[in-house]
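Chemist: In case you want the letters, here they are:
2 protein chains.
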Amino acid sequence: MKEFIYILVSAIIVQTPLFGQQAYPTLSVTKGEVVEIRAALGQGTLFDTSIEKVRAQVDQFVTTGLDVPVPKDLAGGYTHEQHKKNFLILQKAGLLFQITEEEKYAILVKETLFKYREMYPKLERHPSTKSYARGKLFWQCLNDANWLVYVSQAYDCIYDWLSVKERKELNKELFVPMANFLSVETPRFFNRLHNHSTWANAAVGMIGLVMENEDLVQKALYGLPISKEGLKDNDGGSITLKGQKEAGFLAQIDFSFSPDGYYTEGPYYQRYAMYPFLIFALALDNAKPDVKIFEYNNEVLIKGVYALLNQTNAKGEFFPLNDAQKGMSYFSRELKLALSLAFQYGSKDSSLLSLIELQKSVPLIYSGMQAALAIKAGKTVPFVKKSVMLRDGAKGDEGAIGILRADKEGEIDLIMKYAKHGMGHGHFDRLSYSMFYGEQEVLQDYGAARWVNINQKDGGGYLKENKTWAKQTVAHNTVVVDEKSQFRGKVKAADAIAPSSYIFDIDNPNLQVVSAKDTNCYEGVELHRTIVLLKDSSFENPLVLDLFAVNSEEEHDLLLPYYYKGQLMQTNVDFTQSSTLSTMGETDGFQHLWKEAEGKGAEGVTQINWFDKATFFTLTSTTTASDNIITAHIGANDPNFNLRHDPAFFIQKKGKKGRTLFASILETHGNYSRVSEFANNAAGSISNITIIDNTSEYTVVDFTNKQDEEWTFIISNKQHSDDSKHRLTIKNREIKWGGPFTLFKNELEQ
Amino acid sequence: MKEFIYILVSAIIVQTPLFGQQAYPTLSVTKGEVVEIRAALGQGTLFDTSIEKVRAQVDQFVTTGLDVPVPKDLAGGYTHEQHKKNFLILQKAGLLFQITEEEKYAILVKETLFKYREMYPKLERHPSTKSYARGKLFWQCLNDANWLVYVSQAYDCIYDWLSVKERKELNKELFVPMANFLSVETPRFFNRLHNHSTWANAAVGMIGLVMENEDLVQKALYGLPISKEGLKDNDGGSITLKGQKEAGFLAQIDFSFSPDGYYTEGPYYQRYAMYPFLIFALALDNAKPDVKIFEYNNEVLIKGVYALLNQTNAKGEFFPLNDAQKGMSYFSRELKLALSLAFQYGSKDSSLLSLIELQKSVPLIYSGMQAALAIKAGKTVPFVKKSVMLRDGAKGDEGAIGILRADKEGEIDLIMKYAKHGMGHGHFDRLSYSMFYGEQEVLQDYGAARWVNINQKDGGGYLKENKTWAKQTVAHNTVVVDEKSQFRGKVKAADAIAPSSYIFDIDNPNLQVVSAKDTNCYEGVELHRTIVLLKDSSFENPLVLDLFAVNSEEEHDLLLPYYYKGQLMQTNVDFTQSSTLSTMGETDGFQHLWKEAEGKGAEGVTQINWFDKATFFTLTSTTTASDNIITAHIGANDPNFNLRHDPAFFIQKKGKKGRTLFASILETHGNYSRVSEFANNAAGSISNITIIDNTSEYTVVDFTNKQDEEWTFIISNKQHSDDSKHRLTIKNREIKWGGPFTLFKNELEQ
Ligand SMILES: [Ca+2]
Ligand SMILES: [Ca+2]
Ligand SMILES: [Ca+2]
Ligand SMILES: [Mg+2]
Ligand SMILES: [Mg+2]
Ligand SMILES: [Mg+2]
Ligand SMILES: [Mg+2]
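Line by line, the protein sequences give chains E and L. Using this note's numbering, the letters of the first sequence correspond one by one to residues 1 to 750. Using this note's numbering, the letters of the second sequence correspond one by one to residues 1 to 750.
Keep in mind that a hint or two might mislead.
As the list makes no split between identical chains, a pair holds if one copy fits it or if it spans any two.
What the hints assert, rightly or not - List of simulated lysine-lysine pairs, DSS-like, C-alpha gap at most 30 Å:
1) K595 <-> K565
2) K613 <-> K315
3) K613 <-> K85
4) K84 <-> K706
5) K360 <-> K303
6) K600 <-> K464
If you're looking for bench data, these hints aren't it; they were derived computationally from the structure.
Full structure from sequences and hints, please.
Modeler: Structure follows, in structure tokens:
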């Protein structure tokens, strides 16, 4: 043991650089931190097991080396995947060299870098012309920036192990050209306010820090001079934003995050963007601590990590808002970095340790070791997700995501979206809601029409159906007016103005309310949706009371979709099944829906009961016989089998003007085992819902269960202050209350 | 501790019966066994934790008692579910009384029995007229028999604790009338050879053993005199079988099980039937050991348990052959009894212990304690499922189920069905195959159209679509001739003759072959299917080579369905999607399929690549441009939403006469993570399949992968003996081999 320590110490001495003003490494881990990490090894922490996992990944390339092919393919193709593999392996090899001091890792990095150094000067832009900003190693600059963010860390780890000549050659022939390529040579890419540019800024800044090139660091932090062009990228979003005055990393932080840490493109892209935000922040904190980057904007980067964690279901999967591939979760590599950093640079919140334990590995950096030691010391406490509103907009005044949760952890997650559109990756989904029960989707948001990195699906990129289906309003659980998408499907108009938060009240865990309005997405139409998560001992699980009010002077056709999962079991609607299936329409996503059956709404309430996995669900909704109930499934006009054939039902109210209310209750109930074959509580409890009043002043609904218990919910449609006082006479009884809503139980016999 | 033992002993003494020739209990546990069980308590075995679980279930009724409502409802309704709950709880209460000696359990049994004693004499047959044999407590006698099988155990456990007067009253007013009702008063129910009657026989025999009523025991073992009627039940099966000469429990065993322990109705019903078979066998072994019931017919009851275990996937779920609800598994209560008994009365096979550990509880009987003690003693070894053929028919000469498995446990389960029809619960599915990869279905058998015990689905019974869809040939992965089901959908004709086993060869784990023929299900058509599970280092996972040969003198239209799961990714077929969807036909199940897209087969091979969960699959099949490829999904003509809307594709060869071969390879390959977003090996390896020859003598196919490696597979279509010798000239090369098939790799460049 003593001998081992001696060797360690002498190794450190030997490697101390003889010149250079900066001590290396300096980006993701510092020289001093490495000493501490080495000293803490071998205690059987999560850090130790993480090293072994990373070794297993990297060791397979130590002898063979890494192939550096001439770029040719799109995502999913060989050259793309190989260059991606290279940057991930190099970054790990660099850290392994620092921690283990085994030169084989440094050699792997060096040899691979010299392969790139050979090839890079000869490369033109990538042959594919799909991107507005074609890269050199990859089809888009974005992936080149990914490469540099990771590889700059590897380079940093071997920088003072290389000879001066080697460094100079790599700097001059590979890294400076690459940094210039990604910045001054591609300004439309570098200077946007967008996740692509965040990667670019981080890449250029990090390699600048390694090379001690202050010019690159300045460009990274503050951007290039702003051009006047109003260009569009190929996602439909603007290249520069209206009135954009600043660019660069700090402007990205200002612009991208709301004060609550919400990222306007939604959690799937926030997850992706958090890596460059946090790794460059870490590098800045190490190399330029005076920037105080983790304290910047009231610690918004750390808040961003919590915002992400709060946008996950019981499996840790991000809510699939906007363009998002379902299944991405806090088990991603980006979130592994994020959790360790949030632990170390936040408030040493030991509830984060429980999620790090679930992740089963830590990044091989100082904060990873600190988290691992804290876990070893038994400091872990559970991470409890709560109901939360995440405001959108740089000032927090442009709508929000409202998340209501039942008090049992993860039992029900209800997500209402009334945030900003989300730029090029946004969906026309205002006032939609989706819901999880435990680990299962109850009402789904479709997510994106894309198979990321699966080559046979159009190179892994966005599919045509992402625009024609996934983004459209009818693909979401929100009212569609006149079979058109919100804002007629125009991103620019949607980006210009957000819905308004009306109520978000979680003071009473048994009566949580989210309510929002939009008057912009359909001309001349006011939408006002209120969702109540109600716990009451009369019901097995919390109820979802949904009041979707539509108000317009002109007549409109209204359609409210429900993208349920599982098998429809029973309904009181007398459906007629179509003998041949036609699409529900020609445009705005309706062309992708096969209409299966239709029936008149029941007089009073329509009830639909379905089953999924082991649980029953019942929707009860006020209807009349002039309403139509439609069942359908996705998959029409899908020549390349790009869409999932998921089911839906719709409540349609045609030719409505004035005030119309969709009043519904969604019950989660019962269970069924395919092994015991016992079914419990398979039918819902709600027997009726009655709209008592729905004026510009108040909306009042009664609902009743099969035991003849009756409740009344009232919401003020004009005053949403907690301090407002209300008085209303209902059925000859005078009701007084404070605050914008109230719920009470009626004794039917008095 | 001494005091405790003293009390125990004195309790035993007090409870020793003062009269009666038989020592109680005597059915599921004997007096002597109870003493041993009590002595082994408290060692922290699985038996101890099982008692605590059962206590928790029963204790909630000790104070309240059990409701005994007047029968009224169908399955899923209150009275049905309550009587079912009652028999399950009473059986447990009886055993708890014996083991714990706490009188509260005996009191619960007694009080509930007297409630039944009050009600039963007043009952007419159940008001529902759905069953051919209406019960009194339930809508069908079957459930009444279930009740008596369980309750006779409870009664046995308290028999000598009751006063003579109480016993006499219960015997006379409840149990003798019930036994008579289920036998002499309902002979069509009692005397069938069918799982229903197995329950009846066991019920009458078990209550006969408790009451020492030898007349009932004789009826149970040997049946009532056979009547001449040729009646049908409401499943479509015959009430008595052609030439049926015997009835009763022993005849059930003779008739129901093949020498391999396969049960002709399939594993779902076998699981159900195993409970009365085994519990009555246990009772007979205890009360009439001279019958040597567990040795009867070469220990066929124990073989039946192994047959069941071998018909499960990696999750322990039974293959959904015939009428079967998916998800039923070896975690069912029937299999808990079965595994302990197979351990105790079989060969003390310690691999069964590993499954008992998974079940997490043992039955509260002697064999449950023996298994628990063996587990505690560390005797558990893994249960390894192997490839196996389970022959059907009382003599084992009426077809079989052929199960091929890859050598990694559970990696691939391939099930080919060439067994008997399976009576009223059979499907017209000859020569179909289904496949699992790990825990996922790759090619599915639909199972039954039924939601067992879910009231809103037609009282939990079989749905109309079970007959119009689930049983039909087109619902299975087998060739459909002229869009008609096998045997024109007639059960009687199908029951009369089984397919023929041709080859089942698993000598070489890298080249496993199952092959069977049928010349009866379509007039004038010979079907011969050969499935090869091939492991070769050139392929990531075992390949499935499928040669489906059809031979007929007349022209026929042939259609081969593939009920895949997941998302179609890519194909070389130029599909045209229908702009309105129509059904694929009018009858034989085709009326339930929506046709989505159609294209001409590719010249050479058609390839279809799909993705499910985390794995890719590719089917490569020989086609010409005169073939049609069709995609479809289930759900047409389904007014009550009874069907799952699962996808399928079809290979159609129209107007074929002479010898036609469907030659296909199914590859399982690659993986994709939605968290890392890495896709590996997403495209298949097979590039071509060529039919070299397909005569009455030999079928010869070549197949090639993308590395230009080539293999040839040859099967003799006439000689299936291992001793046969063959010589064939292919491409000017003479090939000689022994046995009915051979596979070799060609060097393309020689
Ligand atoms: Ca619950
Ligand atoms: Ca053999
Ligand atoms: Ca494998
Ligand atoms: Mg969406
Ligand atoms: Mg409040
Ligand atoms: Mg079937
Ligand atoms: Mg052989």
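Chemist: Each hint: holds or not?
Modeler: So, going through the hints one by one against the coordinates:
1. K595 <-> K565: Both: 17 Å inside a chain and 23 Å across chains, each within 30 Å.
2. K613 <-> K315: both (15 Å within a copy, 15 Å between copies)
3. K613 <-> K85: Classified as between; 23 Å across copies, 37 Å inside a copy.
4. K84 <-> K706: between (59 Å within a copy, 25 Å between copies)
5. K360 <-> K303: Answer is within; shortest intra-copy Cα gap is 23 Å, inter-copy 44 Å.
6. K600 <-> K464: between (34 Å within a copy, 25 Å between copies)
Comparing the model with each numbered hint stated earlier shows that all of them hold.
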